Structures are given as structure tokens and as C-alpha cells.
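Following the hints, put chains B and C in place on chain A, whose structure we already have.
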Amino acid sequence: MNDIPATAPAAKRFVLEDVANALNLGLIVVDADGKVLLWNNWIARHSGIKETDALNRQFEQVFQEPVSPSFLTALKNTLAYRLPVVLSTALHRTPLPLYNAFEKNQRQARMYQSITITPIQSQLNESCCLIQVTDSSTSIKREKILRSHSEILKKEATTDGLTNICNRRFFDAHYEITVADAKRQKYPLSVFMIDIDFFKSYNDHYGHIAGDKIIKLVAETLKSQLSRATDIIARYGGEEFVLIMPHLNQQIAEQFAEKLKSAVFNLAIPHISSLHSERITISIGLCTGIPKKNHSMLNQADTALYQAKQKGRNQYISLPLCETEEYLEQ
Amino acid sequence: MNQLNELHIDALVEIFSIGAGRAALSLSEIVSDEVRISVPSVQVISTKNINSTSLSLSCGPFGAVTQHFSGPFNAETVLLFNEEQALKIVSDMMGSQMSLGELAQFEHEAMCELGNIILNACLSAMADVLNFTLESSLPHYTVASADEILHRLKKNANQPYVLVLHIDLAIEKRSTAGNLVFLLSSTSLTNLVHHIDHFLSNFA
Amino acid sequence: MFADSSIKKLLIVDDSKVSRMLIRTHILAQHPDWIISEAISGEEAITLVDNDLPDYCTMDINMPGIPGTDAAERILAKHPSIKIVIFSANIQEAHHKRARSLGTILVAKPVTEKSIVLAINYFIDSE
Chain A
1 MNDIPATAPA AKRFVLEDVA NALNLGLIVV DADGKVLLWN NWIARHSGIK
51 ETDALNRQFE QVFQEPVSPS FLTALKNTLA YRLPVVLSTA LHRTPLPLYN
101 AFEKNQRQAR MYQSITITPI QSQLNESCCL IQVTDSSTSI KREKILRSHS
151 EILKKEATTD GLTNICNRRF FDAHYEITVA DAKRQKYPLS VFMIDIDFFK
201 SYNDHYGHIA GDKIIKLVAE TLKSQLSRAT DIIARYGGEE FVLIMPHLNQ
251 QIAEQFAEKL KSAVFNLAIP HISSLHSERI TISIGLCTGI PKKNHSMLNQ
301 ADTALYQAKQ KGRNQYISLP LCETEEYLEQ
Chain B
1001 MNQLNELHID ALVEIFSIGA GRAALSLSEI VSDEVRISVP SVQVISTKNI
1051 NSTSLSLSCG PFGAVTQHFS GPFNAETVLL FNEEQALKIV SDMMGSQMSL
1101 GELAQFEHEA MCELGNIILN ACLSAMADVL NFTLESSLPH YTVASADEIL
1151 HRLKKNANQP YVLVLHIDLA IEKRSTAGNL VFLLSSTSLT NLVHHIDHFL
1201 SNFA
Chain C
2001 MFADSSIKKL LIVDDSKVSR MLIRTHILAQ HPDWIISEAI SGEEAITLVD
2051 NDLPDYCTMD INMPGIPGTD AAERILAKHP SIKIVIFSAN IQEAHHKRAR
2101 SLGTILVAKP VTEKSIVLAI NYFIDSE
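Order-wise, the sequence lines are chains A, B and C. If you're matching positions, the first sequence starts at 1 in the numbering used here and goes up one per residue. If you're matching positions, the second sequence starts at 1001 in the numbering used here and goes up one per residue. If you're matching positions, the third sequence starts at 2001 in the numbering used here and goes up one per residue.
What the hints contain is simulated information worked out from the structure, not anything from laboratory work. Just so you know, these numbers come straight off a predicted model, no measurement behind them. Just to be clear, a hint being listed does not mean it is correct.
Computed far set for chain B versus chain A, every beta-carbon distance over 12 Å [said to hold, decoys possible]:
#: 1; residue: L1004
#: 2; residue: V1013
#: 3; residue: R1022
#: 4; residue: S1046
#: 5; residue: S1054
#: 6; residue: N1074
#: 7; residue: N1082
#: 8; residue: S1091
#: 9; residue: E1135
#: 10; residue: S1145
#: 11; residue: A1170
#: 12; residue: S1175
#: 13; residue: N1179
#: 14; residue: H1195
#: 15; residue: F1199
#: 16; residue: F1203
With beta-carbon atoms standing in for the labels, derived distance ranges [unchecked claim]:
#: 17; chain 1: A; residue 1: K12; chain 2: B; residue 2: P1072; range: 28 to 36 Å
#: 18; chain 1: B; residue 1: L1007; chain 2: C; residue 2: K2097; range: 28 to 36 Å
#: 19; chain 1: A; residue 1: A80; chain 2: B; residue 2: P1072; range: 17 to 25 Å
#: 20; chain 1: A; residue 1: N125; chain 2: B; residue 2: H1198; range: 22 to 30 Å
#: 21; chain 1: B; residue 1: S1186; chain 2: A; residue 2: K292; range: 34 to 42 Å
#: 22; chain 1: A; residue 1: Q185; chain 2: B; residue 2: Q1003; range: 40 to 48 Å
#: 23; chain 1: C; residue 1: L2028; chain 2: B; residue 2: S1186; range: 55 to 63 Å
#: 24; chain 1: B; residue 1: S1186; chain 2: A; residue 2: D18; range: 40 to 48 Å
Glycine is no exception: its CB is placed at the ideal position from the N, C-alpha and C atoms.
Next up, chain A with everything else stripped away, as it sits in the complex (with noise of 0.2 Å):
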């Protein structure tokens, strides 16, 4: 040992044992009949088997459970064609029996295992392959956690809490994929702007809690006139909603608005504090049109809405996409 000078290659320096047992992974080395030449320590205790215990007998037989079917075809084929393989945690998750930690009478679960088997010559030329496996166990957990906490989110995100229907940050998304959709197949889109007429005063008059059941009401009704996939009712504001619908042409969405507005005046709820009519109603804002460049259909439709309330609520308004002002009366 006094021998080895300072300056000495790590070959030399090192023996292999040392440095494969000091390995934060695992290291398995199969010869082409299938026989482990190297078992290192990280193995060996992840799989609870001694290396005198593995060291030239089957690779399949030192495990006292079944080897996954498809790591011991990645195997041959390494054996055999000599190319190397890689076997990714999210396809095979674990395909060896190694676990985390050993608990006397306790069932742990298998480690997560990232595997990946290359061709190797032994100083005999001897045709084998290394085996190295690393633990995506902790990596599985924490994704698995803020999973669990995104699904929560997800629906979150996409839903309005009262309503039940698709909220703001949805329709704001859908929204800008059908504007460019519309616009690059040229088809149009109908975007109704749709608020509750004296929301305020009915929230004064009969409270908040009453307040939100209307909500809920008129979200329903608008939504149960709804029935293609395509059509998409979000709440955009406290009392305010937003529909868009495809291929429809003008008049055929104007009468589709003229349903919504009797749909919600047909449901006869008492409004003693609005200064139209003695019941709930909405005002509605339309927009028709095959998006262009410049013209945004949601102005429009709200400009079409403010029109709908100065002249007199419980009505709609329908404006074309372009500069013209045509609009109907009720």
C-alpha cells in the first residue's frame, strides 16, 4: 500500500468496492447468463439482501419477490443487442423490490425507482451490463401532495362558487382560444353580456342572502336555454354574466336573446325596489360577428349592455362587430 505514489490515477487510488459502497444509488452488475458479479451496499440495504447473498447466483432468484416482467426484458435485450436502456419512474414506477426502510411487522411500500441499464466489458471480456437505480421516492411525494392540492385548485379555477357555473378566469381563457379560433376558420361568434336589472336595490331590499339566491336562480335559467357544448355561460362579475356562442348569425341570436330575457321575466320573481317592472329582470348586450383584428366583441356587447340599460332595462341590444350603429328596439 506504501507504494502507491501521490500522483496515482483513481484507479489506483481507489478500489472499485470502496467507491460502489460509498454510491448514493445502486449498483448491479449481471453477467450475459444472467449472474450478479456486483451487489453494492446501497442495494443491500434497500433490498434487505446481503451481497454473499447475491454475488453469482440468478439475478432473478436473489429477490424473494417477482422482478417486474419488464425490467427483466430490458435486461435481455441490454444483453443482447448491447444498446442502452432506460426505465423511467412514471412508466414503471418499481420494479424492483427495494424499499425505503425496513419496519419489523411492518408492510412498507416499494421505493419509486428511476433504472437505467447499460452494456459493460469486464476485464475478462465478459459481456455484462450495469444496473443503476435511483430513488425518486421523495420527489413522488411532494409532487403527489401539491397534486392532491391542484386538482382542489383546478376545479377552483375553473368554477364560480355560487353559481356553479364556469367563473371569470375561465371564460377569460376560453375566451381568447374561440376569438382565435372564430377569427383563423372565419366563423362567427355571438357574445351576450347579460346583468340583473336593480341588483343593488333588491340586495338592500330583501338582503344578501336573498341576493345570492337570485344569482343562483338566474344563473340556472340562463343556463338550462343553453344546449350545444359549444355554448359557454361563465358569471363574470357579482351580478353580471357572460355568453358566448358560435355559428350563430345575427337574427338568429337576437331571438335567442329575446328567449333569455322572457325566460328570466317569466320566472315572476318579486322585485318591489325596481324601477321597471315589479319582478326580476335583465338587460342584455349582443354582439355578432366573425372576429377581426382590432374589434373587440366584448366591448361591444358591453357598450350594446349600457345601451340595453339607458334605454330602459329588461331588454337587449344587439350591435354588429364593425363601427356602424345599428341596433333594434325591443
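Below, chains B and C without anything else, positioned relative to chain A:
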């Protein structure tokens, strides 16, 4: 490219179809469902003539799995898929609990494996039929835009030829198409042709 | 019925010229007197079989037009005496099953001496 005639191309299509069949078998064992992979066409293009059409690089970004093969010829091989589609396939393969956008690192590793299975199957079919031995580096996964890919393909003057295979892949009712690109030096292309000629001479 | 050395007619169906060449060469190496015809698609095979009935047939699966398994099914419906071997790169269990249910077998490509011997044994043993 004049070195590869119709019969050479036919032989390559047949060889890669065998590779595709093997890859499909491996993948079907992982997903326990039928997998369809086919290689409808093979082309040799000189690197300076490559553009986005020859590689069907319409809508990026792209997931690229790269392996470097060496042996009687050296080739950097790149399997290219539209990233979003490929991630959807991989996410289907992982099972319904994990969705797109989550577990990005695991999706990348799974893409690596998907690419590795296809590349290994195609190259080992070549090695089997044409009777030679190949070595390879481990697969490496990156995401790149069409421009970045074209730039990478064209920058190396030592690899004036590109062998492009079109691949159709259908797993779990989701189908996508991609390209397998071999970057070859002139010597490599000549060696490849030589091996194909040798193989064909037994059957003329 | 017939001795092994009797002259048989074999139809090779494959869209790959190289594949047809391989199969032809390997078959003739074992049985130089067999008469070999070729078709490049399932449809062509169906027509050829109607005009000149072969004893045996090798069929690829992936071809332009109808898949080889469908062609095999149609041929066997009209001519149940033909022995068909599906020679293919598609070797998943689903394909093996389909081949067996048609009364054929599936042999994996690449076409080698070994796989051709498997096919020939199937042809001859079933008589």
C-alpha cells in the same frame, strides 16, 4: 444521396418497419394495450437542403430524444415529436392520475424512455438485418423550437447528410406523428450503403 | 397426401420489394422447384388467388389498402384449402390471436432462414 437507390430505400423502410414492430411490442407490454407504430417513408436529404417541411416541423415546441450511435457508422439520431402531443401520450401511458403540466421531470424521463425504446428498436433492427454491432450513448431529452432544431442539424459540417424517417405512433387511442432523424457523415453514409449492398447481394 | 418434394405454388404478398426478394430466395433455397408468384397488396392477392389458386401464401400485415389480416380472411373464406403464414413486423399478442383465429400463424420478421423454415414446416405439416 445518389448513393441510395430505390432498392436501398425499400430495404431501409423494411428494416425500420421491423424496428417499429419491436418498439410497438415493448410499448404494448408497458401500457397493456395495443400500440401501432409505422414507418411509412424514408428520405435522404443533404443537410444544407433541410427545411421545416422536410421535417414536418410545423408547430413547436418539439420534444427531442437524442442518442449517439457508433460502430460501422456513426450517427447522431434524434427522435422528434411535437412536445405537447408527446407529453399527452406519455401522460396517457402513466395512467389517468397524473396530468399534463404536473410532474414535469417525470414526464421528461418518460419521454426519454419512449424515445429510447423506439431508437433502440430501429437501430437494433438495422444491426440485425445488416449484420453489424452498434454501441450507443444514453438517451438525452430536450425541448426545442423548430428553428433551434434546424440550426442544430445544419451547424455540423461533418454531417452533410440526413436520413429522415417519418413515424406514425398510436398509443391508447391517441395518435401522433414524428420524425426520426439520422445525422450522418459522408463516410457513414457510404458505409451504410455498403452494408445494404452486401445484404442485398445475397438475394439478387 | 403429397410427398415433400412435390411441386407447390406459393404466393408472396408484401409491398416491400426487398421483403419479397428475401422470402423468395429463402424459400427457393429450401424448395427450388416451388413455383412462386408475387402480389404487392391484399387486393392484388385476392384477385390473383381467384385466377390461379396457390397451395401456400405468405402475407404481410401493413400494406397500402386493406391490411393483410383482412385479405387473409377474405381469401380463406373463398379458398379454405390455402395455407397462409402471416409474416410481419407486427408481433403483438392481438395480432397473434387474430392470425390464429383465422386459422393461420404469425411469424415475426426479419425474414431469416430460421423463420422461413418455421413457415415451411407450417405449410407442409398441415397436410
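Hint by hint, here is what the structure shows:
no.: 1; hint: L1004; in the structure: holds (24 Å)
no.: 2; hint: V1013; in the structure: holds (21 Å)
no.: 3; hint: R1022; in the structure: violated (9 Å)
no.: 4; hint: S1046; in the structure: holds (28 Å)
no.: 5; hint: S1054; in the structure: holds (25 Å)
no.: 6; hint: N1074; in the structure: holds (15 Å)
no.: 7; hint: N1082; in the structure: holds (18 Å)
no.: 8; hint: S1091; in the structure: violated (9 Å)
no.: 9; hint: E1135; in the structure: violated (7 Å)
no.: 10; hint: S1145; in the structure: holds (20 Å)
no.: 11; hint: A1170; in the structure: holds (17 Å)
no.: 12; hint: S1175; in the structure: holds (19 Å)
no.: 13; hint: N1179; in the structure: holds (20 Å)
no.: 14; hint: H1195; in the structure: holds (17 Å)
no.: 15; hint: F1199; in the structure: holds (18 Å)
no.: 16; hint: F1203; in the structure: holds (24 Å)
no.: 17; hint: K12(A) x P1072(B): 28 to 36 Å; in the structure: holds (35 Å)
no.: 18; hint: L1007(B) x K2097(C): 28 to 36 Å; in the structure: holds (34 Å)
no.: 19; hint: A80(A) x P1072(B): 17 to 25 Å; in the structure: holds (18 Å)
no.: 20; hint: N125(A) x H1198(B): 22 to 30 Å; in the structure: holds (27 Å)
no.: 21; hint: S1186(B) x K292(A): 34 to 42 Å; in the structure: violated (53 Å)
no.: 22; hint: Q185(A) x Q1003(B): 40 to 48 Å; in the structure: holds (45 Å)
no.: 23; hint: L2028(C) x S1186(B): 55 to 63 Å; in the structure: violated (37 Å)
no.: 24; hint: S1186(B) x D18(A): 40 to 48 Å; in the structure: holds (47 Å)
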